[in-house]
Amino acid sequence: MKVPVSWMEEYVSGRFSQEDVAERMVMSGSNIEAQERFGTNVTGVVIGKVLEVWPHPDSDHLVVCRVDVTRGAERTAHGAIDELVAAEAAAATRGERGEREVLQIVTGAPNVSAGDFVPVAVHGAALPGGVTIKKGKLRGEVSEGMICSAQELGFDDKVVPMHCKDGIWTLPKEFRADKYIGTDALDALGLRFASVIDFEITPNRPDCLSIYGMAREYAAVYDRPLEPIEVLAREDASLAGAGQTAEDFVKVQIAKPELCPRYIARVATDVVIEDSPWWMQQRLMLAGMRPINNIVDITNYVMLELGHPIHAFDITEIAGGEILVDTAAAGEKFTTLDGTERTLDADTLLIKDGRRGVAIAGVMGGLNSEITDATTTILIEAACFTAAGIRRTSKKLGLRTEASSRYEKGVPAELAQTASDRVCQLIQLTGAGKVLPGAADCYPAPQAKTTIMARAGRINAVLGTGISADDMAALLRRLEMGVEVKGEQLLVTPPAVRIDLKEEIDLSEEVARLYGYDKLPASLHADSVSSGVSKSWFVRGILREVLTGAGLSEIATYSFVSPEGVALIGAQNDPKKTDFVRLLNPLGEENSVMRTTLLPNMLEVLARNFNRGNEEAFLFEIGNTFHATSNNELPSERLSLCAAWYLRGGGADFFLLKGVLEKAFARLGLGAPALVPTDDLPTWHPGRCAAVAEYGVIGELHPDVSARYGIEERVVAFELDFDALAEAAVTAREYSPLPKFPAAPRDIALIVDEDVTAGRLEAVIREKGGRTLESVALFDIYRGKQVPEGKKSLAFSLTFRAKDRTLTDEEVNKTQARIVKALESETGAALRDA
Amino acid sequence: MGVGMKKPDEILAEARGALEQAQDAQAVEDVRIRYLGKKGELTALLRSMGEIAPEERKAFGQAVNTAKDALETLLQERKEAFASAGRSAQLAAERIDVTEPSRTVPAGARHMITQTIDEIAGIFMSMGYSVTEGPEVETVFFNFDALNAAPDHPSRDMSDTFYISDDILLRTQTSPVQVRTLLAQAPPVKVISPGRCFRTDTPDATHSPMFHQVEGLLVDEGVTMGDLKGTLDAFAKRMFGADVKTKFRPHFFPFTEPSAEVDVSCFLCGGEDPSCRVCHGSGWIEILGCGMVHPNVLKVADIDTERYTGFAFGVGVERTAMLKHGIDDIRLFYENDVRFIGQFY
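Heads up: the sequence lines are chains U and X, in that order.
Mapping of the first sequence onto our numbering: position 455 corresponds to residue 442, and the numbering continues sequentially without gaps.
Mapping of the second sequence onto our numbering: position 259 corresponds to residue 272, and the numbering continues sequentially without gaps.
Since the hints were derived computationally from the structure, they do not count as laboratory data.
Careful: at least some of the hints might be erroneous.
[What the hints assert, rightly or not] Result set (DSBU-like, lysine-lysine): computed pairs, CA atoms no more than 30 Å apart in a straight line: (1) U:Lys506 / X:Lys337; (2) U:Lys506 / X:Lys81; (3) X:Lys260 / U:Lys506; (4) U:Lys489 / X:Lys260; (5) X:Lys312 / U:Lys436; (6) X:Lys20 / U:Lys(-11); (7) U:Lys563 / U:Lys650.
[What the hints assert, rightly or not] A few chain X positions that, by computed beta-carbon distances, are all more than 10 Å from chain U: (8) Gln36; (9) Lys51; (10) Val144; (11) His166; (12) Asp233; (13) Glu270.
[Stated by the list, open to error] Partner residues aside, some chain X positions facing chain U, computed with beta carbon under 10 Å: (14) Ile126; (15) Thr127; (16) Ala134; (17) Pro216.
From the three backbone atoms N, C-alpha and C, an ideal C-beta is built for every residue, glycine too.
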């Protein structure tokens, strides 16, 4: 909400520095998005009068002007313009410099004509954005300055009056007088240092979407009285004797009071459509609104001032002077005043006259009844439409206007009368027309005032303060609330516009923010609650420690992904990866489903690092995967652990990643992971892949998959069900006594067929080794001389030990023989002679 | 005393001379054998005691022993000197260039978001808060209705929130965990809840459709807004530095009342630098939103609002990390370039 400070200050006595205002408004809850002071760095812009305009001899779109910028003192010494021009020309031909200052300026503005009063940036002038104006030549013609547009002086394009939006600023009628020539334009226009604060209005405070609402806050903060709004009541004495009343012109009927609790129509005759006075235009422009004409400007002015939308109809277009507030017929066509034909539904609230729709209630007026230059009698609508209805219609039509955005936040019925009377007062004040006495005011069920009972003790208990009931009452009264104190109870009647105040807790906030949040005493709540974490959280911490210690870095990727990813990893036929949870309104197809696996994201990250020339990426992520459940239930969310690695030069090695996996399992107390070779998963290299017990898969990616991601290196990876790991994890550790008796080491070398796995051999050794076999380690794998083709030699180091005695050679030999025998019979292994 | 027999001090002098000539440890050992060995000259003198007149025997014995002790000391000194020189030579030969590159498996780094969450969680855990978590895909009920959001609150729009169906969405805040926790557990409730949140923002330097928050909730008897101030002030001091100050500004959230936004005084420039990258010269940085839990939220969990009060707060994780570490683009967190991640090892 852009608030010109001088406008807000009109309702509050006392002037304060802008810094102080900003600080105190923020600390009382009106946060500030931006602050500006108009024309801070603008100098050398004066009002000039265009004397002559002629075409540029060497350009189709440029013109040359002579512009008088002579200051007042010199001006009075001279006579009429024609003489001046003649004298000036004569002086110029004689090579003399005249006393008067008449500049030749080249401009491309299409809207310049002799007689216009315009802002002129003279030689050396400074404009917003650090622009400096210098004399020069434009296509061979001397140009001694620049005629400025409103935008060049600092106004936003959207607030500049239409007639000078695409050209120079032809100044309003108030400044079309010779006495202004040569004077500083910004000073004359009252814009110099005009201060505007853009307040951030929270959704609970629609009352603050108005200058008067902000003035109420301002008055409360400074504890000053809030000046009343000047209005022209329907029964005002000055209106007597008009002969006619509003009721002679208009009848109002509300068919849908649940959508329109109140509708007030007032009438003004003898309207002359023209520009509104500069003071009004200036405020509108500073507040971010474009001046149109006097009647439209007054309705906008009141909307900005009070936060109540107003609509004006040309009454000659209201058939029979009858206003009926009713819903549209389904499929009804209606052309709004922006010229667009819209199709309405049966829930759209429509303002109708005797035969047709004339406005979409609270959203936009109709083309058929808009104010034109020929309008002489107007109907001024100040109506209350319910928030939900307007929001619905606005959404349905995709049409959001200044009016609808206010209605959809809530406009109280009580405010309609003030707004309507204020419009009439401004019409009378500016001479835009003659206001008739009386009003057609349809208000079937007047709303009762809200009264809130609050307990001072309770408010103090929430705030941690000891403010007396009387002091609280005083704070609340600063916000125009009626307060009755009964002991420690407060009976509070908020102003009608404060629709956010409903119960005691709402008042605790009002008390707190006026008392000052900074004055609330800081304390720490005393309790004996101690902290804890879930096992899952704890295990995540452990895993991060293990994995980063092993050289992996952690990544974080989006939870929503492209469904394509699952196909890219070749898992499009895996039902556990295609049970997608889909977004209704994704940012794009690439973020349209919740991820069912972390691997596609991981590979995208690997590819990004690869493409950026990074030597290596060795990464992991712990994050949720999502799986659809039955209709309209929350999906199942499971944490997954994914790791992957590429190293340029083909260095990403399966066994190193397997080592990481083993480290993690060991740290989680899960023993060595059982790897089962797996060759039927399209994601993975069929010869380099294993299932990791029931937890997931480890392997090298299928080269087709890494190729799809553009990673021209071997990639090894694993993805595991983290939730299952966390559940199984044993994080407690129990001491086992250090061995007291010596170990007996034995090495055995076996020759086996290529397809006999190391894991199979180890399993047999362990099974037959019995209780005295302490450890088994594969220490050599050999193929080549002395080993037949199609076979390999594996050498294991076995350690035997008993807890209670020193093992004899005989005992160990016996066990070893049993192991070798089993290896021979079960795996076809042959003992290799040492 | 026999004729021709050398006196102990003569032998000592001789031995001293021989030791001075010795070039290495072996030569020293030779000297020892020659004078103190089984057949050494001083050993021989001791053996010859019997030949000495009884009245001279004592004095002679003393002289021999004195010479022997002196020689032993000399021998030891020379031996150590040679050993020490030998070790020095060996060490010199083993000199390495310590500025050569190290050999190590570089450790990986936890993601900046995890580190920041852990830091925030650690601070609150030290104040007795437990960590609890909620689902990323949430119901409209927990994300909005139960949090007192008006049925027409703009944040419910599809232009702000990702929906799965009319009733299910991607949570826009971690606050739904407040209600889940209150339904699961009777007061006192003292939890924080870190996690992912989603809003329909197109990614740019300061916006991300996915981001992280840490929610906090304390509900107990006698919890006041003063407690909220004290708690968050303590948090800010530990997170951003013991010298920082906090400022509580009134604000609006549907599920708290009174509500506040908290600014922390600029920990980088203290408001001194008009071009400060953190505060842009204002001296203050917004770090979180908070407030007293709205009675309507407590009522959802059937909590006696006359007996219990509470406060809640939400800290933006990315924002906190960006402020603390000078990160100027939120997208860096999700690009996962190893050159970015590795900076926070």
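We went through each hint and held it up to the structure:
1. U:Lys506 / X:Lys337: holds, 28 Å
2. U:Lys506 / X:Lys81: The given pair, whose Cα atoms are some 92 Å apart, is violated under the 30 Å limit.
3. X:Lys260 / U:Lys506: holds, 11 Å
4. U:Lys489 / X:Lys260: holds, 28 Å
5. X:Lys312 / U:Lys436: holds, 26 Å
6. X:Lys20 / U:Lys(-11): violated, 118 Å
7. U:Lys563 / U:Lys650: holds, 28 Å
8. Gln36: holds, 47 Å
9. Lys51: holds, 42 Å
10. Val144: At roughly 4 Å from the nearest Cβ of chain U, Val144 of chain X sits no farther out than 10 Å, so the non-interface label is violated.
11. His166: violated, 7 Å
12. Asp233: violated, 6 Å
13. Glu270: It is violated; Glu270 of chain X is separated from chain U by about 5 Å at its closest Cβ, not greater than 10 Å.
14. Ile126: Result: holds, 5 Å to nearest chain U Cβ.
15. Thr127: holds, 6 Å
16. Ala134: holds, 8 Å
17. Pro216: holds, 8 Å
Checked against the numbered hints above, the structure breaks hints 2, 6, 10, 11, 12 and 13 and satisfies the rest.
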